[in-house]
Amino acid sequence: MTVTAKTEHELKMNLVTGADVLIQSILQEGTEVIFGYPGGAVLPIYDALYRQKVNHVLTRHEQGAIHAAEGYARVSGKPGVVIVTSGPGATNIVTGLMDAFIDSLPLVVFTGQVTRAVINSDAFQEADIIGITASATKHNFQVRHVRDLSRTVREAFYIATTGRPGPVLVDLPKDICAAQLVNEPHHSEINLPGYRVPTQVNEGDIHRFAEAIKNAKRPVLLAGAGVLHANASDQLRSFAQIHHIPVVCTLLGLGSFPASDPLFLGMGGMHGTYAANMALSECDLLINIGARFDDRLTGNLAKFAPEAKVAHVDIDPSEIGKNVQADYPVVGDAQSVLAQLEKVMDANPNTLEWLNTLNGYAEKHPLHYECSLENQSLLPQFVIERVCHFAGSDAIITTDVGQHQMWTAQYYHFERPNRWVSSGGLGTMGFGFPAAIGAQIAEQKKRVVAIVGDGGFQMTLQELAVVRELNLPIKIMILNNGALGMVRQWQEAFYGKRYSHSLPPVQPDFVRLAESYGISAHLVEKANELDTVLESAMENGEPMLIDCRVKQLENVLPMVPPGKGLKEMTGV
Amino acid sequence: MLRTIVATVSSGSNVLIRMTALMAKSAIRIESLHMQRSNTQENISRISMLVDVENERQTARYVNQLDRLVDVISVADMT
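One line per chain: the protein sequences are S and A, in this order. Residue numbers for the first sequence follow UniProt numbering, beginning at 1 and rising by one. Residue numbers for the second sequence follow UniProt numbering, beginning at 1 and rising by one.
Since the hints were made in silico from the structure, they are not lab data. Be aware that a few hints might be false.
[As the list claims (entries may be wrong)] To give an idea of the interface, some chain A residues facing chain S are shown, with a C-beta separation under 8 Å as derived from the structure:
| id | residue |
| --- | --- |
| 1 | I17 |
| 2 | R18 |
| 3 | A21 |
| 4 | R29 |
| 5 | I30 |
| 6 | S32 |
| 7 | H34 |
| 8 | M35 |
| 9 | Q36 |
| 10 | R37 |
| 11 | N39 |
| 12 | D67 |
| 13 | R68 |
| 14 | L69 |
| 15 | V70 |
| 16 | V72 |
[To be verified] Restricting the straight-line Cα-Cα distance to at most 35 Å, the calculated cross-link-like pairs of lysine-lysine (DSBU-like) are:
| id | chain 1 | residue 1 | chain 2 | residue 2 |
| --- | --- | --- | --- | --- |
| 17 | S | K445 | A | K25 |
| 18 | A | K25 | S | K53 |
| 19 | S | K497 | A | K25 |
| 20 | A | K25 | S | K322 |
| 21 | S | K497 | S | K78 |
We treat Cβ as the ideally placed atom computed from N, Cα and C, and that holds for glycine.
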């Protein structure tokens with residue numbers, strides 16, 4: 001694509017800007033919506049958006065835009081697309097990039113940059129976003145020539161969505177987007193010699209893996225988010241059911257296996273169920289499908305699965321052996337591996353005794369909380385159970401990070417894939433509410449509930465304006481304990497109840513705050529008030545905020561204390 | 001322990017940032033670093049570096065993570 005010597009008439013007919021080429025290239029990738037926020041360096045891009053029919057969601061902060069894109073990507077499986085300006089616009093999305101990187105969400109993020117002539121002169125709103133995001137992206141590009149624009153966009157989408165998904169950033173100097181060029185068909189071939197996506201699963205690995213499963217006495221499947229990314233929930237369910245193998249989910253793997261299935265033991269890890277953690281501790285074969293052995297799952301690594309041989313399936317070879325040595329490594333996506341494994345499984349392991357043992361654990365030590373209906377005080381676990389009852393298994397649930405997130409993971413029964421949106425690896429407060437916006441835009445007919453804490457909600461609540469503007473029927477459940485609950489819980493347990501800055505003395509009136517945005521809101525203070533409000537909220541097609549004043553000093557239990565093994569759970 | 005890591009990469013200004021960012025994350029010290037454009041292949045460079053790592057496991061993890069980088073075409077511990 002070059003500017004050639006043409007008559008003035010021809011130029012008038014055919015000239016477009018780099019920004020037009022950018023938007024065309026983004027749309028060619030099937031993009032349905034862009035989340036963004038304008039600014040000086042992206043003015044040419046926003047001018048092109050003005051000219052072209054593009055669904056753009058104007059969030060009220062760049063962080064809101066990228067978390068919304070993450071929510072969109074998580075439930076749709078499609079890449080979330082973001083446009084922000086240079087400098088502060090770009091640095092404001094770093095948290096979201098890191099969040100998407102660690103949780104393997106496909107994003108393509110376009111940042112404005114100062115013009116090429118003044119790069120590295122500390123120009124107004126200049127930031128070295130390529131350097132800053134080197135550790136927070138799957139890959140990043142800076143476009144230095146207009147001719148590279150459409151190819152770079154193709155490559156960015158390809159990298160973001162293939163293999164292990166992840167965020168890709170494209171930095172766009174303003175003069176590249178403002179440049180005029182002749183609009184002519186372009187053939188931009190992807191040229192990424194160093195980028196390889198594993199496609200063939202090693203047959204020898206599969207046979208060794210199958211032999212190990214057939215001979216196991218106490219196997220357990222550990223299902224991570226890789227199962228969801230590979231759309232392998234059906235294969236996982238039939239594999240577990242055919243071969244009678246119990247299933248533990250990681251935090252982000254919830255929904256990959258139905259919670260109501262008798263083989264489901266619950267979530268494993270720091271706040272996992274007793275049965276799940278005992279299964280991980282006592283198994284003789286740990287079959288990890290698409291999980292990365294995060295420290296919140298494993299607890300003390302030296303005490304993790306001490307008697308087990310470990311099989312590890314991952315699309316990303318660098319995950320295998322990273323934290324836990326694998327006896328049976330298999331590189332591949334969960335769907336292909338499970339399908340090939342099924343073909344060679346000609347016998348079942350005998351797991352009857354093992355399943356009986358685990359069922360005994362589950363019956364003896366279920367999740368529980370002390371519910372006193374006498375004073376009608378509102379317990380957070382009860383709120384989650386009632387939300388689950390009224391919203392149902394088809395609803396999409398998003399959370400922030402902290403106590404409410406763990407209670408949701410414990411007490412919400414996820415039956416289906418891609419209904420659970422939470423910040424797992426990075427643990428980003430302020431994620432849940434904007435993620436719900438992206439999820440609702442991706443799945444317009446589904447019920448979306450954002451379960452947030454009063455702390456995290458205050459980090460991104462400015463996006464209430466977007467909910468009102470687009471009339472998104474999101475239900476915002478604030479589990480309001482007037483505390484940074486998980487911080488307070490750790491201070492209670494490990495810092496002698498010295499509640500240092502975890503009990504904010506001033507809180508907004510969330511009901512009036514929502515109403516000021518034109519969103520209806522309810523205050524719930526007693527357990528017997530909850531059902532009526534929830535029932536009307538779930539039937540109502542309008543956005544709604546529900547401020548639930550839950551018990552302040554409630555703790556998330558059971559718990560594996562930091563540094564301890566999974567068998568050393570407290571509060572069982 | 002000293003290890004020699006050799007990589008073939010796409011030439012560009014970003015590849016070194018990403019490689020050294022990984023090293024900085026694990027506080028791996030670079031003893032020497034050499035990068036040269038290929039005489040025979042366009043847009044290809046060879047990087048050779050001598051790094052001080054704690055053990056072979058750390059080396060393996062580092063090499064795997066380097067291999068994951070989009071601009072790294074191949075990489076190996078050539079010690």
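Checked hints:
| no. | hint | in the structure |
| --- | --- | --- |
| 1 | I17 | 5 Å, holds |
| 2 | R18 | 5 Å, holds |
| 3 | A21 | 4 Å, holds |
| 4 | R29 | 18 Å, violated |
| 5 | I30 | 16 Å, violated |
| 6 | S32 | 22 Å, violated |
| 7 | H34 | 19 Å, violated |
| 8 | M35 | 15 Å, violated |
| 9 | Q36 | 17 Å, violated |
| 10 | R37 | 15 Å, violated |
| 11 | N39 | 17 Å, violated |
| 12 | D67 | 7 Å, holds |
| 13 | R68 | 5 Å, holds |
| 14 | L69 | 7 Å, holds |
| 15 | V70 | 4 Å, holds |
| 16 | V72 | 5 Å, holds |
| 17 | S:K445 x A:K25 | 43 Å, violated |
| 18 | A:K25 x S:K53 | 43 Å, violated |
| 19 | S:K497 x A:K25 | 34 Å, holds |
| 20 | A:K25 x S:K322 | 15 Å, holds |
| 21 | S:K497 x S:K78 | 45 Å, violated |
The structure shown violates the earlier hints numbered 4, 5, 6, 7, 8, 9, 10, 11, 17, 18, 21.
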